[in-house]
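K.L.:
Now for the letters of each chain:
2 protein chains.
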Amino acid sequence: MASNIVKHENHGILSDADKVEGLAIMMNPKSVAIVGASQNPDKVGHVILQNYLDVGYSGKLYPVNANASGKILGLESYRNITEIKKPIDLAVIAIPAKFTSELITECHKAGVKSIVVVSSGYAEIGEVKLEQELIDLANKYKIPLLGPNCLGVMDLKSRVDTLFLPTFKIDRPSIGGVSFVSQSGAVGSSTLDIIANEGFGLSKFISYGNASVIDETDILNYLAKDEDTKVILYYIEGVKRGRAFIEAAKKATLKKPIVVLKGGRTEAGSKAAHSHTASLAGSYEAYDAVFRQFGLIRADDIQDFVSFSKIFVSQPKCTGNRVAIMTNGGGVGVVGTDSLYSNGLQLAELSEESKKALKKALPPIVGVNMPIDMAGDADDKRFSATLDIISKDQNIDAIMAITLFQTPGADSRVASTLIHYGTTMEKPMVVVSIGGSYTGVHKMMMERSGIPVYDSPNTASRALAALISYSKYLHRMGK
Amino acid sequence: MASNIVKHENHGILSDADKVEGLAIMMNPKSVAIVGASQNPDKVGHVILQNYLDVGYSGKLYPVNANASGKILGLESYRNITEIKKPIDLAVIAIPAKFTSELITECHKAGVKSIVVVSSGYAEIGEVKLEQELIDLANKYKIPLLGPNCLGVMDLKSRVDTLFLPTFKIDRPSIGGVSFVSQSGAVGSSTLDIIANEGFGLSKFISYGNASVIDETDILNYLAKDEDTKVILYYIEGVKRGRAFIEAAKKATLKKPIVVLKGGRTEAGSKAAHSHTASLAGSYEAYDAVFRQFGLIRADDIQDFVSFSKIFVSQPKCTGNRVAIMTNGGGVGVVGTDSLYSNGLQLAELSEESKKALKKALPPIVGVNMPIDMAGDADDKRFSATLDIISKDQNIDAIMAITLFQTPGADSRVASTLIHYGTTMEKPMVVVSIGGSYTGVHKMMMERSGIPVYDSPNTASRALAALISYSKYLHRMGK
Numbered sequence: 001m002a003s004n005i006v007k008h009e010n011h012g013i014l015s016d017a018d019k020v021e022g023l024a025i026m027m028n029p030k031s032v033a034i035v036g037a038s039q040n041p042d043k044v045g046h047v048i049l050q051n052y053l054d055v056g057y058s059g060k061l062y063p064v065n066a067n068a069s070g071k072i073l074g075l076e077s078y079r080n081i082t083e084i085k086k087p088i089d090l091a092v093i094a095i096p097a098k099f100t101s102e103l104i105t106e107c108h109k110a111g112v113k114s115i116v117v118v119s120s121g122y123a124e125i126g127e128v129k130l131e132q133e134l135i136d137l138a139n140k141y142k143i144p145l146l147g148p149n150c151l152g153v154m155d156l157k158s159r160v161d162t163l164f165l166p167t168f169k170i171d172r173p174s175i176g177g178v179s180f181v182s183q184s185g186a187v188g189s190s191t192l193d194i195i196a197n198e199g200f201g202l203s204k205f206i207s208y209g210n211a212s213v214i215d216e217t218d219i220l221n222y223l224a225k226d227e228d229t230k231v232i233l234y235y236i237e238g239v240k241r242g243r244a245f246i247e248a249a250k251k252a253t254l255k256k257p258i259v260v261l262k263g264g265r266t267e268a269g270s271k272a273a274h275s276h277t278a279s280l281a282g283s284y285e286a287y288d289a290v291f292r293q294f295g296l297i298r299a300d301d302i303q304d305f306v307s308f309s310k311i312f313v314s315q316p317k318c319t320g321n322r323v324a325i326m327t328n329g330g331g332v333g334v335v336g337t338d339s340l341y342s343n344g345l346q347l348a349e350l351s352e353e354s355k356k357a358l359k360k361a362l363p364p365i366v367g368v369n370m371p372i373d374m375a376g377d378a379d380d381k382r383f384s385a386t387l388d389i390i391s392k393d394q395n396i397d398a399i400m401a402i403t404l405f406q407t408p409g410a411d412s413r414v415a416s417t418l419i420h421y422g423t424t425m426e427k428p429m430v431v432v433s434i435g436g437s438y439t440g441v442h443k444m445m446m447e448r449s450g451i452p453v454y455d456s457p458n459t460a461s462r463a464l465a466a467l468i469s470y471s472k473y474l475h476r477m478g479k
Numbered sequence: 001m002a003s004n005i006v007k008h009e010n011h012g013i014l015s016d017a018d019k020v021e022g023l024a025i026m027m028n029p030k031s032v033a034i035v036g037a038s039q040n041p042d043k044v045g046h047v048i049l050q051n052y053l054d055v056g057y058s059g060k061l062y063p064v065n066a067n068a069s070g071k072i073l074g075l076e077s078y079r080n081i082t083e084i085k086k087p088i089d090l091a092v093i094a095i096p097a098k099f100t101s102e103l104i105t106e107c108h109k110a111g112v113k114s115i116v117v118v119s120s121g122y123a124e125i126g127e128v129k130l131e132q133e134l135i136d137l138a139n140k141y142k143i144p145l146l147g148p149n150c151l152g153v154m155d156l157k158s159r160v161d162t163l164f165l166p167t168f169k170i171d172r173p174s175i176g177g178v179s180f181v182s183q184s185g186a187v188g189s190s191t192l193d194i195i196a197n198e199g200f201g202l203s204k205f206i207s208y209g210n211a212s213v214i215d216e217t218d219i220l221n222y223l224a225k226d227e228d229t230k231v232i233l234y235y236i237e238g239v240k241r242g243r244a245f246i247e248a249a250k251k252a253t254l255k256k257p258i259v260v261l262k263g264g265r266t267e268a269g270s271k272a273a274h275s276h277t278a279s280l281a282g283s284y285e286a287y288d289a290v291f292r293q294f295g296l297i298r299a300d301d302i303q304d305f306v307s308f309s310k311i312f313v314s315q316p317k318c319t320g321n322r323v324a325i326m327t328n329g330g331g332v333g334v335v336g337t338d339s340l341y342s343n344g345l346q347l348a349e350l351s352e353e354s355k356k357a358l359k360k361a362l363p364p365i366v367g368v369n370m371p372i373d374m375a376g377d378a379d380d381k382r383f384s385a386t387l388d389i390i391s392k393d394q395n396i397d398a399i400m401a402i403t404l405f406q407t408p409g410a411d412s413r414v415a416s417t418l419i420h421y422g423t424t425m426e427k428p429m430v431v432v433s434i435g436g437s438y439t440g441v442h443k444m445m446m447e448r449s450g451i452p453v454y455d456s457p458n459t460a461s462r463a464l465a466a467l468i469s470y471s472k473y474l475h476r477m478g479k
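Chains as they are written, first to last, in the UniProt record's numbering: chain A, 1 to 479; chain B, 1 to 479.
There's no promise every hint is true.
Where chains are identical, the list cannot tell them apart; a pair therefore holds if satisfied intra-copy or between any two copies.
As a list, the in silico SDA-like pairs of lysine to any residue whose alpha-carbon atoms are at most 25 Å apart [what the hints assert, rightly or not]:
1) K113 to A196
2) K157 to R241
3) K359 to E127
4) K129 to K230
5) K251 to F99
6) K317 to L362
7) K240 to G367
8) K60 to D89
Calculated from the structure, these hints are not laboratory results.
Keep in mind the model is a prediction, meaning the values are calculated, not measured.
Could you put together the complete structure from these sequences and hints?
P.N.:
Laid out in structure tokens, this is it:
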């Protein structure tokens, strides 16, 4: 682990700064060599090359295969990476583990600037020596290396995409402000797939596998500085350099929210994590204490990645927990109220001024108490009148608009009204819309416009509570 | 409330049995009169009649409108219900509240067997006298009446559908074994809409509104006996006849699972419930104690309705909590293990026999420990070999198959394998599949075949815990 590094001669060793720089090159390469590229669709190298073509990568692509003759997927191919004789920003390595050491030396000769090894068959199956060779060579030649045993990297803007999962099996997200780091390829790919079906977009995905050279701390240092990244998601089972990670996190959380799902929170889970990634998970209590102390946001499930991301990426900070609920569905307002208190929030009280204004603006059927039940026939005008008043009420810190699209008055004008207020007012707003096809269309319309929409009051309240807790941390830290 | 009933002359009063019988007629009527039916698409009576036509109701339909001339939506119309002169099993009333009392008398004259009043404008807005008239007349004429201020009833088999929500705004579920009862129309309609997009189907939906005559206890008595209903879902804010409801629930839970979401669990929620349905909610602790004592299953959120329904409607009972996890995605197996313990379950240990058999049947890369990580290249053969062995292991009470469809080996043959074992073995099985479009197709394939599929390990564990808790209750009660 960390002690591996000190074994090397000093002159060649990769510094933390080298690795951060390596990640920057890896995520935005002008040229990519794919070693193991193949015409055979069953090969990993085929899927990777095909994906580069599918997503429209605009840099240079060099397929490399020792048995190559002629073109691979229409591109000129090379038998050896040294034959390319042009600058290579990134080499993606997808060949059997036993051949990789030799290849690293060839990468050095070819002037490769960064390497992603997606191949598996190293420390994770006991081949510790093979992995050590990889580490030694990367350090010797000073080439930042990600992996092995990983999915690699995806950047939605530069269109780098080393995932060896076909695009028909896993949807690709749109461009956005969330970056996601996963120690597990499985958690990574399945989470990517659900993010792709949400309204918010992704900036970068990094699956780092065995973290032999570049580890979770380097990635955190890189993403903390990355301007396109507004929110960072982490799935980790263990941390290689505990102290360094905490230092990095401490700085990073002052700049942007970091949501962490820790695999191995329970004793049995920790045992499973150990046999999965050989992570020495440590007690979760210790992790949890550190998370709290440094303002990291704790996720309890994969779905939290999605529900937390959408509020953090779009909504303003909020240090108060008085939440106004407005709804066109009375019963869901009741469930919503319950959900606030289950998550440490409270129902706001309307100011006398707001009460008067609401009485004037709304029909007599609408009671001017919290939660505001605008009734089942509420249309965009009633939503607008209500939002206009409560968005200015100083007794209210945040707004939960529970909007059911099954009712007669709810249509795309209501969605537009929510988008208008949700994107222009100073308070954070979450929308809860529960339903099927018709609701889904309106949900997507709002989400693509930067309004976080949830399919249950409890999920919305959990997300709001996370936003408020992080905002309070920043406030305590003088930010 | 309950005391209203004793005011009436005894000879006309509706008994509990009358109301249960009334519900049976209401849910499967051979003829329906829709009072307030209209050619004007803005009218509730138009939407109801159109829905009956849309869903293909095969009984007789009689549109009634005081101003009718000629046909309404192609059907012969009547100015007064007494003009129909044919048997009328159900009258759906969708006219202003002030006209309903007179109409009940006309229904009596016309020999109507049951009434659903969808109109609002009664006790819920302070018009207590108007509601009392309705109660008095229904009792006097001995006509079981549902409502007012409700969405009414839906039966997927008989195709009765009094919902005044257009079919394009709310998807209709397929036919299945779950019946859903909601005091709130909003919770009802939005939940219906999400159920429609799940693989399991619905038997009946009953929105009872003010519960003036038929109340939640009558409905429970009816559904407990209904053979098509395998699982009952309840959204309630308050119960009119506490003791009677408990008695009914006590009997019903011995026959079928009852999942209850209680609106107004917190003080503020309870206050909101009071202003919503004038329900005197009572302390949630008291409710919770009763729920526990009589084996009712507590839902904490609307999404629990869906996740609990799918396991109860399809999986066998299970009194042990030792859960085997098998997965083709290591990291999600770790998260899955954590989720078991967060929900009071535990990871099963393989018997020595199973370990030997698995070692023989699976490639060396697969460790034969829990959770079983079949590796990312697992195909249907590996799933099948694993299931074959663990389905027979006496140390295992239930199986969680975490199946990621992003991986190369996972395809519809894997889904078929899961369906085969999930529907033939004696242990309950849940599948966790996290993802987008490609995953969604396989999820629907499995759900339609009776396999409960969840989009997060935590949701799956919650559902398993609910199944086990209910099974243990039945066991304690000697069932």
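K.L.:
Against this structure, judge whether each hint is valid.
P.N.:
Hint check results:
With identical chains, the CA atoms of K113 and A196 are never at most 25 Å apart, being 30 Å at best within one copy and 53 Å at best between copies. Within a single copy, K157 and R241 get their C-alpha atoms no closer than 30 Å, and across copies no closer than 62 Å, so neither meets the 25 Å cut-off. For the homomeric pair K359 and E127, the shortest alpha-carbon distance between copies (21 Å) is at most 25 Å, but the shortest distance inside one copy (73 Å) is not. Taking CA atoms no more than 25 Å apart as the test, K129 paired with K230 passes in neither setting, with 39 Å inside one copy and 59 Å between copies.
Taking the shortest alpha-carbon separations for K251 and F99, neither the intra-copy value of 39 Å nor the inter-copy value of 69 Å comes in at or below 25 Å. Proximity of K317 to L362 under the C-alpha cut-off of 25 Å is found in neither arrangement, the shortest distances being 30 Å within a copy and 51 Å between copies. For the identical chains of this complex, K240 and G367 are inter-copy neighbours only, at 24 Å across copies versus 57 Å inside a copy, given an alpha-carbon limit of 25 Å. Taking the shortest Cα distances, K60 and D89 sit within 25 Å of each other inside one copy (10 Å), while across copies they are farther apart (75 Å).
Taken one by one, the earlier hints fail for this structure at numbers 1, 2, 4, 5 and 6, listed in ascending order.
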